[in-house]
Each structure stands twice: as structure tokens, then as C-alpha cells.
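*Asks:* These are the residues of each chain, in order.
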Amino acid sequence: MNYRENENLVAFAPFGLENSWTLDAYRSIGGYQSWQQVLSGELSADDIIDKVKASGLRGRGGAGFPTGLKWSFMPRNAPGQKYIVCNSDESEPGTCHDRDILRYNPHALIEGMAIAGYAMGATVGYNYIRGEFFAEPVPRFESALREAYEAGLLGQNINGSGIDFDLHMFVGAGAYICGEETGLLESLEGKPGRPRFKPPFPANYGLYGKPTTVNNTYTLASVPTILRKGPEWFAALGPEKSGGAAIYSVSGHVEKPGNYELPMGIPFPDLLEICGGIWKGRKLKAVIPGGSSVPVMPGEVIMECNMDYESLREAGSALGTGAVVVMDETTCMVRMLERISRFYYAESCGQCTPCREGTGWLNRVINRVIDGKGRSEDLDMLVEVANKIEGHTICALGDAAAWPVQSFIKHYRHEFAYMIEHGGRSIVEADGKAAA
Amino acid sequence: MSDDQVTIEVDGISLPAKKGQMVMEVTDDAGIYIPRFCYHAKLSVAANCRMCLVEVEKAPKPLPACATPVAEGMKISTKSPAAIAAQRATMEFLLINHPLDCPICDQGGECELQDLAMGYGRDISRYNEGKRVVADKDIGPLVSTDMTRCIHCTRCVRFTEEIAGFQELGTMGRGEDMKIGTYVEKAVNHELSGNIIDLCPVGALNSKPFRYRARAWEMIQQATVSPHDSFGSNMFAHVKQGRLMRVVPQPNDEINETWLSDRDRFSYDGIYSTDRVIKPLLRIDGEFRETEWSTVLEQVSDRLQQTDAAKIGFLSSPGATVEESFLLQRIARGLGTNNIDHRLQARDLGDSDNDPVQPHIGTDIVSLESADAIAVIGSDLRREVPMLAHRVRKAALAGATVSFINPPGQQYQFSHQYLATELTQLRAALGALIGAAEVATGKIAPDSVAQRVDRQSHDETHRAVAESLAQGERSHILLGHLAQRHPAFTQIRALASVLADMTGATIGFIPESANAAGASLVGVLPHRGAGGEPVATPGLNARQMLADALDAYVLFGFEPEVDTVEGAQAVETLRNANFVVVMSPWLSEQALEYADVILPIGTFAETAGTYVNLEGRWQSFSGVATPVGEARPGWKVLRVLANYLHLDAFDYNDALEVTVAAREAVPVELQDYRIGPMPSMDGADFGDDLMPAPISLYGSDSLVRRSRPLQRTPLARGVGES
Ligand SMILES: Cc1cc2nc3c(=O)[nH]c(=O)nc-3n(C[C@H](O)[C@H](O)[C@H](O)COP(=O)(O)O)c2cc1C
Ligand code: SF4
Ligand code: FES
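Chains A and B, in that order, give the protein sequences.
Using my numbering, you'd call the opening residue of the first sequence number 151 and step up by one each time.
Using my numbering, you'd call the opening residue of the second sequence number 320 and step up by one each time.
Mixed in with the good hints there might be a few duds.
Think about it this way: if two alpha-carbon atoms lie no more than 20 Å apart in a straight line, the pair counts; the simulated EDC-like pairs of lysine to aspartate or glutamate are [what the hints assert, rightly or not]: (1) 630(B) <-> 891(B); (2) 348(A) <-> 344(B); (3) 348(A) <-> 374(B); (4) 523(A) <-> 448(B); (5) 348(A) <-> 670(B); (6) 348(A) <-> 376(B); (7) 450(B) <-> 521(A); (8) 341(A) <-> 481(B); (9) 341(A) <-> 376(B); (10) 498(B) <-> 336(A); (11) 380(B) <-> 549(A); (12) 380(B) <-> 534(A); (13) 630(B) <-> 915(B); (14) 341(A) <-> 480(B).
What follows is a list of derived Cβ distance ranges for each label pair [as the list claims (entries may be wrong)]: (15) 448(B) <-> 579(A): 21 to 27 Å; (16) 229(A) <-> 377(B): 30 to 36 Å; (17) 204(A) <-> 779(B): 56 to 62 Å; (18) 448(B) <-> 351(A): 35 to 41 Å; (19) 450(B) <-> 314(A): 51 to 57 Å; (20) 441(B) <-> 579(A): 34 to 40 Å.
If you're looking for bench data, these hints aren't it; they were derived computationally from the structure.
These figures come from a predicted structure and were not determined experimentally.
C-beta atoms are modelled at their ideal positions from N, C-alpha and C, and glycine is treated no differently.
Pulled out of the complex, with its shape left as it was, chain A reads as follows (with noise of 0.2 Å):
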């Protein structure tokens, strides 16, 4: 099978046209005819939502719930104000599909929200993006919907359909709890990002208290490629309940790293393989398969692995976000958590207690390891304060924090002890291999 194919392009699909983030590249190759169906009266509502049930996308944010199911959450004919949200703050760290998204195919995440809208009765839609990708994504993101508008794809009354659909962007400040759908509301409404606890969900009580719906850009953005080729190719793309493509946002130790968007399941070593395989001609020692959160996975497990929800969730790890992050054999893995859980503890919103007080004392501790002043004990207590954060607060960036410890010590316990035993010093230096 050549995964290549152009035909398998689902968000990506006008990659290599000229200015693909145009409205006219953008028409090229069929975008807005989903759209334009909805606003003749073609396609209802219903036939949206049974659509993408039956494609079987999943929520491309980490979580992968399935997005047909979610939509149907949506109290579509009740009164009032209802909202699409999209959730562009991308900060997970590995990952990087948004950003592309926002940059060359802007136009199919406008028609997506404005499908999606129109599918669940939300007449305003919102698009978060994070700051930090004020100097390309935003400005491009921006242009998009001002054509949008200036086509009369968007607004009130769109081409005397009686459809509205106003469409907004809000750039935040830089904060990866934002990007918890929750947090996000709360930003969007002008307040300290700080997740809400469930029950509500924001299906019930969103932005402003109003029915809404969160979901990712990439979700977002497949959906016009979904309705325009058909669920049923789309299901067909990847295995058994993880329909589609996905974006590998592949980092790290190999030759070409970069944004790959490919069939649901594809093998891990053909993945590798199209990423010109692990660099300098070394070995590879380790993969984070989905988003620094996801339990890592030692090479030799995901070389036997296909890269969807199912497969990598029996492996132990999750899909995540499809940010894969290899690992040559030089890596250091305590330096490698120590990294994490740098981030995670700076990234706590500080809300509940387990995740602020559990965060710190978890990086801490794997410092002082590296500082030299570790302990055997060390190891037996990180896995406990580890296990006493997940499950146990508000947002799971409680568990976010606590699966790479988990992993981490259960795969390269040997390379802690080693650094506890030696003063701090890294296993891979006795190795005489140099340090990543």
C-alpha cells in the first residue's frame, strides 16, 4: 500500500497547491460544496450528524471520543444561544498538526465549524488559537475568514438561506491548560484559565453557561473532506473504530522530522521508514507514541505496533494527539522525565491540590535525583505520588503528569537506580554513548 497517495489526504488535502490557504486553492479541489449543500437545503442536520457518526472520527485532541456521538450531545432544538468551539491551542508538547492546518488549509477548518454549527444549532462559532501562533497560524487564519465573509460563506441570512453563522478567532495568551476544553471556556470568557469540574459538561453548560461544543481543529477541519468523499472512505482509511487519517507530528531522533499526514494504522516501522528512519544511523531506544502525556513505550514494543486508538491502547500507550516522539539510544531517560515533568509542573493551573502540590514534588524530586542526591527510595515514592495525582483532580493534566512518571520508571527503572547509585550520573555516559 503507498500510504503517499494524495488521494488519502484528508486536512492536508491542498498541500503543494500554490497559496493553498487561499479561498480559490481552497475551491480547487471541492471545499465549500459541503457547505454550499447545507445552505440549498441538501443536507440536514441529521444527515451531518449520522455522517460522521458513520465515518468514525474521532476527536483528534487526545482523547479521541468519538465526534458524531459527541455532536448528538447537543440539546440541537432547545432555545437559546448555543456555540461551536474550536480548540486551536495546540500546546501539547510534540504536537504540531494544528498549527499546519491553520497555516495551509485554513478554509477547510471554517467550513467544518460552520458544518458543525449548523449541525448542532450553534449560530456563533469561536476559534481559539494560541498565542504563541500570532506570527503565521493567526494572520492566515485571519485572512481565511475575512474571504470567508467577503464570499458570503459566513454571517446572517448566508445567501438568503436563513442560516447564521458568525465566526470569531480569540488568540490566548499561552497557557497549555487552555487548551482543556474547559479551561478554554473559561479564557474565552475573559477569566483566568482554570478547568471547570464535570458534571456539566459544556454540552450542557458551556460558554456563558450555553450549550457547546468543543472540539479540535483537526476533528474540525476533516469533516468537510468526510462529508464531500463520504464516511464510507473515510472509515475505510483505518482500521476498525479509528477511521480516517491521522497526522503524525513525528520529533526527535529521526532523519526527517516534520507533519505526516497518513492512513489510521499504519505500521510504526513504515512510519519510521518514511521519516527516513532513526538519525545518525542509530538504534532506537524509545517512542512517546501520542503527546508527552502518554506512556512511553520501549522500541521494541512499538516496532510491532500499528498506530491507532486500538492498537497503541492495548500496547499500554494511547494515540494522543499523534505527536510521536522517538528516542535514539543515547537518550538519557531521567533527563528525558525531567523534561516532562518540567512542563507539566509549570503548565498546572494550581487549582486542585493534587496536580499543584504533586507536580512540584515530582520534578523535584527527579532534580535532586539528577543533582546526585537521590535515593534508593526515591524511585518506589515518585510511582506513588505519581499514582496519587492521576485520577484524583479536576482536568487530566493531573494524569497527563503522572502517566509519563508511571512509564518512565517501569520501563528504564534500571537507568534511574543507575543514576541514584553513580552521583548523577546518566546511564547512557557509562554506555559511552554521548548524551542526546
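Position chain B with the ligands against the provided structure of chain A, taking the given hints into account.
*Replies:* Using the frame of chain A, we list chain B with the ligands on its own:
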């Protein structure tokens, strides 16, 4: 079983619950304790501390009881190994950055964290890294801070936002560096700020005046009632070896819920002010000499008996207890005079016969909350009765339309209609409101009104106020202290009654001080005896008594220089009297000029007594502190004085016997407070110079004026008012 009823099972016990309730509410009601820090029944749910995690059958992870809605058949274990493990986990996290120095923390012994750590904590901390240190904030004279101890439960933040109504950012920063922010500095400048002390589960926010004065276990807790306003807040006095060390709220959902105003909480400092009178003082040859009680009382009795009763004036504080008031008026009448009054601040006493026997708000505190419309006329509500303002705010948040017809400049932290009206224009505003009510209801105002005021010049706000009163099924008009002190009070009351009549609203007064209602009921009035019985020949009222000197005066529990309409004039009059008896806990400098005898009586804390609150509730309390020096409870002093005067039937053995006697003299059934016949429109003269002064929050009575912490607040100094 109705539709919104469900049954849940907690630790094997079946419990009924209402849909929408959180597990914690149900278990609290059933007396099953789940540990918590952030949860507070009166505040919104934050679910941030994670102390209340419990095991719920079929749930993949432990759930917070405070934020988990009940569902039919839900099975909850609060003490299963998984639940306890989760609770212990949270406790360990809470303690890692919390100082473990309970012996030097003022909260020690009454700390929620300390208590729960005994049950859920480890003996020794496993945390060996550096601990967080947070700089303290100076947030004023009432609340001390020790921010390193903060566990980020955000109760103080939620209180300030939800109850006090100040919308400021609560927490600053992120993660471990999250701090309760600058906003607290601002937030403490309001009349309910001390509640954050109770709410703070740890030693981060404490009482500054009480700091390091005593340990919780050294004190005895005794119930008492607020002496400062007619709300009747229930309080606990904490007493160490006879000395009142601090005051905290006594929860009572029908009155003050779990709150106290700062005035109630911090006034106790004044009990021990340096100007307390320790021994009876008698003026001998122009000099005050400390004298034995028996000698002084004999003197007083002799002098009073020698004076023509018609030339004696009795003036009493509206904050005097029922017992004191009752005995004082019995003495006056026993001596043969009706010259007695407690209405020290009233300018217009022209239509007293139409006064309700018992002034009250025309409804009860709890009902006020579910009102449709409330119009507050002539009141600086937050300063007069802070807790009533809180209830009105709750009503507004629950959807009531609240209107104020008040002098400009007052701030209320909820949506309301404000008819800014200088006091000189109050009658005109009411005229316009009556006109607006004519439009709203199609009714016509009585002729008497038509002749007196212009009803035509109403604008949109007048019409909105009148409409809200007319449309609401439960509408209330409240006349505040400024209205009652107004030189045209009679007319204001008459106009407000017409407005009430036309719109179907109830009408009520906010009684002055702690016990104006009680004083009225037991007859501290020149025209009525106990129970409102009209007297044959009415005596002089307060203003008349203080206008021209009588021969003798008995002053009970107030300072004429500040507590009467024209203080300077009052002092002048008293100076010209032959004989002035002052019964007061404190010695004011002015009293030295006019008093002949000063009898030290106890403050509210040093006497048993009863106050009748603004909804007609009689609340009795006992003395909680040992009287300072030789001060004696006021009722005892009056009883003994009566014995010296050889008055009949004064052989009460204890305060309760006086209470019972007073109660028997008063009809048990309260009249529905409506001003019966159309009151007369003829009031006293109306002069701008006699307009009441702005209400002073911390100048309201002698005790408050002597509380050093309250006097140091920005609110007392009148700066930076919020
Ligand atoms: C700490 C945290 C950070 C998150 N950050 C992002 C993010 O940057 N982008 C995103 O799409 N989803 C993020 N999520 C997931 C969202 O909460 C939410 O599940 C998602 O936006 C739903 O969209 P989907 O169903 O299309 O995946 C984050 C979740 C957590 C707990
Ligand atoms: S888990 Fe962490 S990030 Fe999420 S709400 Fe709690 S403190 Fe905030
Ligand atoms: S009491 Fe429930 S989380 Fe704090």
C-alpha cells in the same frame, strides 16, 4: 415518591435525596461526615481541594462528594479502602507545602487541616524538598495573614465574590505559585470582611485583634446576641477567665446564617476600653469621687424623690435590653411621670399615636429573600444593618427587583434601581412615586396626598419602581433610619403607606439599634405604657426633654452628645439641670460636665437580657463576661434603685423574672404591621439644618465607637469606601 426524589446508598445506609443535590449535601444532612476543605454550604462548589473524594460504585475513579450529583441507586462508600486512600493522598499533598509548626500558629487547636491531618495524615512527612514560602499581606486592622499557610481552597475568594459581592480576581499565578491575590487587600474593606477568618480552614487568615491572645481550648463558648443593630445576629462569645476574647457567628439560618458583620465581630474590644467606669462616681463639691453603690443609690433615690416628678426626664438607649427598658419605664411611671423616651434620633414625633406598637420590617428575614420587589426608602442599608443588606442582596440575586430611594452615593453590589434623592427631596420623590403608582395600577391616590405633593413629575425610574412594587406578588417597602430621623418623617411615612396601599406592598420599619422594637413594646415612650397602652397624660418626648432643662434627668446607656438629634444643645440643657444621673459603662468627657452621678452598668456582654429584632423575634441571652470593676448589669441597678425608691412589686430575683414580667405586659400576637388609619400629614417643622447626618457604620453606638480595630478601618475613617 415524587419525581425529583431518588434514593442513594451511603456506606450501606439508604438515604433519600433530591435530584440535583450533591452527595455532600445529603451526607451532611444525614450526619455522615466526609472530610472537606473547599466545600461550604453557603458558597458555590469549587471542588478544588479533593479532600472529599469517595468511592462510587461503577465510577472508574474516586469522585468528589461535594460536586457529584446524586443519581437513583448510586452506591457510595466514604470509608472504603479506596476512598480512604484517596483522602489520605490529598492530605499528604496538602501538607507538603504547609508549615508543620502548629504550636506557633494561631489557628492551632481549631484548624480544619490540623484536625483532619490527625485522621488522614502520616506521622512523618515524606516530602524532603524545599517548601513554598509566600509573603504576607497587610490587609487592614481586622484580618491577619499568614499566606504561607494557605491551602488554596478559595473559600475567601468565593465569599467575597458571592456574598459580599465584590467582583475581583481571586487568585493570581499558576500551579504551585498560585496565590490568593492582591484582591484580598481590596476585599477586606467592606462590612462583612471578618467572615473570611471563619471560612479559612487553616491559619492563613486570622483575627488580628485576637491574634496570640488565647488558645481555642482555653476559652468557654457562650451564646449571645448582637447589640448593634436590629437584625439580631446570633453570636458566640469566647471567654477566657471571665474576659470576652473574641466573637464568632453562631449559625442560625433564619437570621444571620453563618455570617457576622464586622461590627458585631470586632466591637467587643470596646468592652475593655480604658474609659470604663469601675466604681460608682458621685459629684461632691464639684469633684467626682468613687463611692459605694449603696451610698450612691441612696443619694439618687433621695434626690429623685425630692424632685417634682413632672420635672424629671428619662432618656434611654434604643439598644437597652427589654429588661432594662421595662424597669426604667416602671420607675418613671412609679415616680409619677410619663417623661420617658428612647427615640433619641427622631426629629419628627408628630404622629406618634399612629406608630405601630412594635416597629418591624413588615415581613420576616427569610421571606424577604423570596420577595418579588423591595423598595428601601431613606436608608443607608449597608451601614444601618449590614446583614439585612446581605439578605436584600440575596433577594436581588434570586430575581427580586430592588429599588433604593436614598441620598446619592451608596454602593450596592447587585443590580438594582437607584432613585438618588437628597433627603430634602424625599417627600417629592414619594409624591412622584405615588403618581407613577397611579399610572401602574389605575388607582387614584387619596385627596390628602393630592393636596400635599406633586404627583406628576415622575420619570422612567419612578415608573419602574412603582411598577415593580405593583406587579410583584410579594412586595415590601422598608423605611430606614434616615427616613425615621427625617424632620418630615410623619409625612414620609404617610406617603409611603399610600404607596404601599396602592401597590399592595407591605410596609415596615428598620428599627434603630438593637432593641428599639423592644423599647417601644415595653413602653419607653411618653404616650404609651407597656404593651402600647395609651397613657392618660402623655409626657415629654425626647426632643422636648432635651430642648429646655428639666430639674432632673436619668440617662440610660447612651451618650447625648452624639446619640441625640442635637448633641450640643442636649449637653447644654443637661448642664442646666439640677441633677443628672448617667447610667453607662463608660465615662465620656462630656458627662463630666453635666453628670452628678455616674452608675457603671455592664455592657451587653456583662448582663443577661433580651432584644427584639426587626422581625419581632425575642432573643434572650445570658451574661457571658465578668463585669469590669464594680459595674453591675443594668437591670439589677434599676431594680435596686426601685427598692430604694420604695416602689411596689420590684422584687425580681433574676433577669428571667423581669423578662417574664415584660413579656406578660406585651400582647403575644403582633399586629400585622400596617399603618391603620391614614396617618396625619401634619408633621413637625421642616428645616434643612435638621436633616439627619449620614449614617456612620462604626459610630453607631458607644461600644462600637470604642473598638480600636474598627476605628482603624478605612470604613471608619471614611476613606476608600467600597
Ligand atoms: C491539560 C489538557 C490540555 C489539552 N490541550 C488540548 C489542546 O491543546 N488542543 C486540543 O484540541 N485538545 C486539548 N485537550 C483536549 C480537550 O480537553 C478536548 O478534549 C478536545 O479539545 C476535544 O476535541 P476533540 O473531541 O475534537 O478531540 C487538552 C486536554 C487536557 C486535559
Ligand atoms: S488537574 Fe491541574 S491543571 Fe487540571 S484543574 Fe487541577 S490543578 Fe488545574
Ligand atoms: S470539599 Fe470536595 S473537593 Fe474540596
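*Asks:* Each of the hints needs a verdict: does it hold here or not?
*Replies:* Here is how each hint holds up against the structure:
Restraint check for residue 630(B) and residue 891(B): satisfied, since their Cα atoms lie roughly 17 Å apart, inside the 20 Å limit. Restraint check: the Cα-Cα separation between residue 348(A) and residue 344(B) comes to about 18 Å, which is no more than 20 Å; the hinted pair holds. Straight-line distance between C-alpha atoms of residue 348(A) and residue 374(B) comes to about 17 Å, which keeps the hinted pair within the 20 Å bound. Between residue 523(A) and residue 448(B) the alpha-carbon distance is near 11 Å, which keeps this suggested pair within the 20 Å criterion.
At most 20 Å may separate the alpha-carbon atoms for a hinted pair to count; residue 348(A) and residue 670(B) exceed this at roughly 61 Å. Using a Cα cut-off of 20 Å, the hinted pair residue 348(A) and residue 376(B) holds, with the two alpha carbons roughly 18 Å apart. Proposed proximity of residue 450(B) and residue 521(A) is supported: the alpha carbons are some 18 Å apart, at most 20 Å. This hinted pair checks out: residue 341(A) and residue 481(B) have alpha carbons roughly 16 Å apart, not beyond 20 Å.
About 35 Å separates the Cα atoms of residue 341(A) and residue 376(B), which puts this hinted pair outside 20 Å; it is violated. Among the hinted pairs, residue 498(B) with residue 336(A) is consistent with the structure: their alpha-carbon atoms are about 19 Å apart, no more than 20 Å. Under the criterion of a C-alpha separation no larger than 20 Å, the hint pairing residue 380(B) with residue 549(A) is consistent with the structure, at around 12 Å. For the proposed pair residue 380(B) and residue 534(A), the alpha carbon gap of about 16 Å is at most 20 Å, so the pair holds.
At roughly 16 Å between alpha-carbon atoms, residue 630(B) and residue 915(B) fall within 20 Å of each other, so this suggested pair holds. In summary, the hint linking residue 341(A) to residue 480(B) is supported, as the alpha carbons are separated by about 14 Å, within the 20 Å threshold. Taking the beta carbon of each, residue 448(B) and residue 579(A) are about 25 Å apart, inside 21 to 27 Å as hinted. Residue 229(A) and residue 377(B) have their C-beta atoms about 34 Å apart, which keeps the hinted 30 to 36 Å range intact.
In this structure, residue 204(A) and residue 779(B) meet the distance hint of 56 to 62 Å, their C-beta atoms being roughly 57 Å apart. For the pair residue 448(B) and residue 351(A), the beta carbons lie near 37 Å from each other, so the given range of 35 to 41 Å is met. A C-beta distance of roughly 55 Å is found between residue 450(B) and residue 314(A), which places it inside the suggested range of 51 to 57 Å. Checked against the hint of 34 to 40 Å, the pair residue 441(B) and residue 579(A) passes, with Cβ atoms roughly 37 Å apart.
Checked against the numbered hints listed earlier, the structure breaks hints 5, 9; every other hint is satisfied.
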